[in-house]
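Visitor: What follows is each chain in one-letter form.
There are 4 protein chains.
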Amino acid sequence: MSIVKVGNIEIGGNRVIVAAGPCAIESEEQAVTIAKAVKKSGALIFRGGVYKPRTKRVSFQGLKEKGLKILETVRKETGLPIITEVVDPRDVEKVYRVADIFQIGSRNFQNFPLLVEVGKTDKPVMIKRGMNARLDVYLSAVEYVTAEGNERILLCERGINALETHTRNTLDINAIMALKTVSTFPVFGDPSHGTGGRSDMVGRAAMACLVVGADGLLIEVHNKPDEALCDGDQALTLEQFDGLMMDLKELAATNAVGRII
Amino acid sequence: MSIVKVGNIEIGGNRVIVAAGPCAIESEEQAVTIAKAVKKSGALIFRGGVYKPRTKRVSFQGLKEKGLKILETVRKETGLPIITEVVDPRDVEKVYRVADIFQIGSRNFQNFPLLVEVGKTDKPVMIKRGMNARLDVYLSAVEYVTAEGNERILLCERGINALETHTRNTLDINAIMALKTVSTFPVFGDPSHGTGGRSDMVGRAAMACLVVGADGLLIEVHNKPDEALCDGDQALTLEQFDGLMMDLKELAATNAVGRII
Amino acid sequence: MSIVKVGNIEIGGNRVIVAAGPCAIESEEQAVTIAKAVKKSGALIFRGGVYKPRTKRVSFQGLKEKGLKILETVRKETGLPIITEVVDPRDVEKVYRVADIFQIGSRNFQNFPLLVEVGKTDKPVMIKRGMNARLDVYLSAVEYVTAEGNERILLCERGINALETHTRNTLDINAIMALKTVSTFPVFGDPSHGTGGRSDMVGRAAMACLVVGADGLLIEVHNKPDEALCDGDQALTLEQFDGLMMDLKELAATNAVGRII
Amino acid sequence: MSIVKVGNIEIGGNRVIVAAGPCAIESEEQAVTIAKAVKKSGALIFRGGVYKPRTKRVSFQGLKEKGLKILETVRKETGLPIITEVVDPRDVEKVYRVADIFQIGSRNFQNFPLLVEVGKTDKPVMIKRGMNARLDVYLSAVEYVTAEGNERILLCERGINALETHTRNTLDINAIMALKTVSTFPVFGDPSHGTGGRSDMVGRAAMACLVVGADGLLIEVHNKPDEALCDGDQALTLEQFDGLMMDLKELAATNAVGRII
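Top line first, the protein sequences correspond to chains A, B, C and D.
-5 is the number of the first residue of the first sequence in our numbering; add one for each residue after it.
-5 is the number of the first residue of the second sequence in our numbering; add one for each residue after it.
-5 is the number of the first residue of the third sequence in our numbering; add one for each residue after it.
-5 is the number of the first residue of the fourth sequence in our numbering; add one for each residue after it.
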C-alpha cells in the first residue's frame, strides 16, 4: 500500500482523509467561510474548483486565476492543503503554484497530454475514474502520470453512467473494493458526484464509502447551497457536513471499520 | 412505511432483518447445519434455493420438491421462517406450502404470470430488481402483485449490469436510498449477488447496504463454499458470517445508523 | 447454417423472410386487414401478439384466447403462417394449436420453464435476445430449448438498453453480425423495437438489418397507428410498409447484399 | 441542413463523403501508398493519425510532427484533403497548418480547452461522440466550438460502450438517425471503431451507416493490416476497401437510398 504525504497528512494509512469544500470557488468570503467551517468539523484538505469543465458552455466556468488567488488566501487563513482541478495542460504551472494536490476530473481521465504534464511535477495527483471506464482502462491512464516519474497517485471513484434516472450517476462501491485489490494507490470515494444531484443521499453514500474501505472522501459543502453557482443540489450545508463528520468518526471508530478520521 | 410481518418478525421497522443461507439446498445435512449456524449468529430468516434458474442448463438446477421437504425440516428444527425462490407459476402452490416468503429472482422480475400467481396468495413476496431495470420499470412490475391483493412486498437491490469485469454485478446502493424515497415497501440489499463472485467483498458490501438504510440483508452462507453446487465463490463461511453479524450489530448500534439487528 | 422450415418457407437461406403485423391483435377486422395488406406487400409471415407482457399492468394485456381464434382466422383467410408470443408455460399447448412459430420475448429470454415447455414441441421458436444479455448468456438460454430436442431456433436482435433517451432501445447491428459467426441459427432483426417508439426510423433500421446480414425481419405494422392499443408510436402504416418492402427488395437485389426478399 | 465545404467537396449534401486511411501514419511510403489507393477507389478525404491517444502508454503514440510532414506530402501527391486528430490545445496551430479538418476523438469530446482552441480557427472540426455520451451531452460539447465562431461542425457516431464482448464498441445507428433530427450538422459514421477490432464486420457496418442516412463515412484502411502499429484488427486491406466502395456506390444509387458516393 502506497502512502501519499501531503504536508504532514498521510493518505493511505489508517486515517481516512476527508477533503471538503465547494464545487466552485465563488468569492473569497464564500471560500474562507466554508474552509474554516469544514476544518473545524474535521476536514484535513480543502477542495474547490476554479477551472470548471461544465457540460453546458453557458454554465459557470469558474473564476480561473482569480480563483487561484482565493485558494492561496484560504490556505494562508486555514492552513489546509488545497486540492483543485486542472483541465488544460497550459494551466499546470499556474495551478502548481497554489495547489497541494492536482485533481484530474472524470472527463479528462484519458486526457493524456494533461496527465503527462502533471506527471512531470512533484505534487500528488488525484485522477478520477472515467464515467464508463473499466478498471483496467482507468489504471492504464494512471500510467501516463507514473511513467513521467510522479508516483504520488490518488484514485477516486465518483460514480458511473448506468441506467439511473433517480441520480445523475451510480456510485460503484464495488470499484472501491476492487481497486484496493488491483492497485496499491490510496482510493477516495466521491459521494457527492456518486449520488449526483441528491444531497439527501450524500451522507449515507459517504458512510458506505467509509465502511467498504475508502482511504479518503471528497465531499461538496456549501454555506448557501441554494445560491451555489455549481451543483448546489448535491452540496451539504455546513451543519449537515458537521453532523456527517461526527457520524463518520463514530463509524470509523468501530471495530467493524477500524479506522480513524 | 409498510411493515411486512412474517411470524413475529417485523420487516420495515427499526430492526434490520438478516436472511441467510446457501445459494442452493444440497442436502438435509447441509441445510440444517447452515440454518442452525446462521440462526445462532443472529439471522432471523433462512434462505435456500430449490428451484434454481441458472444461466447454463448444465449447471445444478436445484433439488426441487425434494428440496422443499428439506426446507420444511429446516423450519421444524430451527423455527426460522423460510424464503425461497419460485420460477414457475405452476410451482406456486407447492412452494406456498413450505415457504414463508416467496422470492422472485431478477431474471423473473417481469415474469407477469408468475407475479400474478404469487399475488393471489397471502404470503410476502420479495421481488428482486431486474439486472437493468430502471426503478420506475421495477415498481411497475411490483404492481402486478399488489393488484391481485397481495401488498406484502419486499424490494431487493441485487446489483446491476454495468461495465464491470472485476465483479459479476455492480451493487447499486443509490437504488436502495432512492427506493426508500419513491416507495413505502421495505428494501433489502443483496451483497452476495451485488458483488457477484467475490466473497471477499460481501461483508463490506453488506455493511454498505446497512449504513445507507436497507431494511434487510440477503446473504449467502455455506458450510463448505469450495464444494458448493452453486455460486460458492460468493458464499461466506459460517465463521465469516458470524464475524460479519457482529460487525453489523456494532454498526447498527451506532448513532450514525441507529438501527437494531 | 441451419435452415428452419415453416410450411414451404425456408428461413436461413438466401431469401430474407419478413414477418409483419400489429404489436397486438385488437379485432378480427384489424388483424385480417393488416394481414392481407402485408401479404400483398410481400411479408411471408404474420406477427401479432395476443398475450402481451406489458411494463405497466394498466396497459392493454392482449385478447388472449379470443385473440388466438382471430389468428386462426387470419391464417385461414391469408394462408400466412403465424408467429405469436407465449409468456406462460401453461399457455404453450393452447398457443401450439394456432401458432406456426412460438415467440419468446426479451423479458422472458431466461424464463427457463417456458423455454423447456416450447422445447418439448416440434414448432420453431424465436427467442429474442434479452435487453442486456451478452451473446454468450443469450445462447446459453437457447440451450434450454435445444436440450429438449427442439432445434428449430430463430434468434432475434431487438435492441439493448444503453444510455439512449432518443429511442427506447438501441438496435445492436453488431450483434446480428456476431451471432452469425458464433451460432448457426438464423438471425432476425427487429427494427420496430430496435428503434423503440420512433416509427420514422423503422424503415432505415430495417434496411440496416438487411445489409448487415439478417435472415429475417420482424416489423410492426398497423392500419391505424394512432389508434393502436399497443406501441402505435413504432408501427408503420400499411402504405409505409408497402414502400419499405419495395426498398428492401431493391436493396436485397444488389450485388452488395445479394439476397432475395 | 448545414453544408460544410472542404475545398470543392460539399459535406452534408446528396453526396456521401468517404474519408479513408490508416489509423496511424507510420511512414511516408505507407501513407502515400494508402492515400493513392483509397483515392483511386473513390475516397475524397484522407484520414491518418499522427497524435494518437492510446489507452496504454506503451502503445505506439504516433509520429507527431514528423507525421504532420508526411500528411503534407500526401496532400501534395494526391490532392486529397486531410483529416487528422488533435489531442493537445498546444498542437492546434501546428495541426492547423496541415489539416483540412480537425478531428476531436471520443476521449476528448469534453476536452473543453481543446474545443475552444479549434473553435477559434476557420477549419472544419469533426467531433466524435463520447463513448457513453447521451446526444444532448454530445451536442452541448459542440457548442464550445460554435460559440467561438466556428460553425463548420461534423458529427460522428463511433460506437458506444455497452455490454459487448464480441466487439470493442457497439455501433449505434439509431444515434445517426436521431442526430439528423435534432441537429443540422452533417453526421458521419465510423464503422471501423463502431465494430472495434472486427475488420470482418466493417464493410457491412459501413453499408448500415449509409442506408440509415450518414452523410459521410470514416474508414480505416491499411496496406498491411497485420503489420499495422495501431488497430490493425479493424483495418480493411486496400482490396477490401476497393470492393467496399463498389458496394457502397451500388447501394447509394438505389432508389431506397438515393445518394451518390
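One should not assume that every hint holds.
One copy or two, either will do: identical chains are not told apart, so a pair holds if it fits within one copy or between any two.
Think about it this way: if two alpha-carbon atoms lie no more than 27 Å apart in a straight line, the pair counts; the simulated DSS-like pairs of lysine-lysine are [stated by the list, open to error]:
(1) 174 <-> 34
(2) -1 <-> 30
(3) 243 <-> 58
(4) 174 <-> 243
(5) 243 <-> 63
(6) 70 <-> 34
Simulated from the structure, these hints should not be mistaken for laboratory data.
Visitor: Does each hint hold? Answer for all of them.
Guide: Going through the hints against the structure:
Taking the closest pair of Cα atoms, residue 174 and residue 34 never come within 27 Å of each other, the shortest separation being 30 Å inside a single copy and 32 Å across copies. For a Cα distance limit of 27 Å, the shortest separation of residue -1 from residue 30 inside one copy, 22 Å, qualifies, whereas the shortest one across copies, 49 Å, does not. Taking the closest pair of Cα atoms, residue 243 and residue 58 never come within 27 Å of each other, the shortest separation being 34 Å inside a single copy and 48 Å across copies. For the identical chains of this complex, residue 174 and residue 243 are neighbours both inside a copy (22 Å) and across copies (25 Å), given an alpha-carbon limit of 27 Å.
In this homomeric assembly, residue 243 and residue 63 never come within 27 Å of each other (Cα to Cα): the closest approach is 32 Å inside a single copy and 48 Å across copies. In this homomeric assembly, residue 70 and residue 34 come within 27 Å of each other (Cα to Cα) only inside a single copy, at 15 Å, whereas the closest approach across copies is 57 Å.
Hint check: violations occur at hints 1, 3 and 5; the rest are consistent with the structure.
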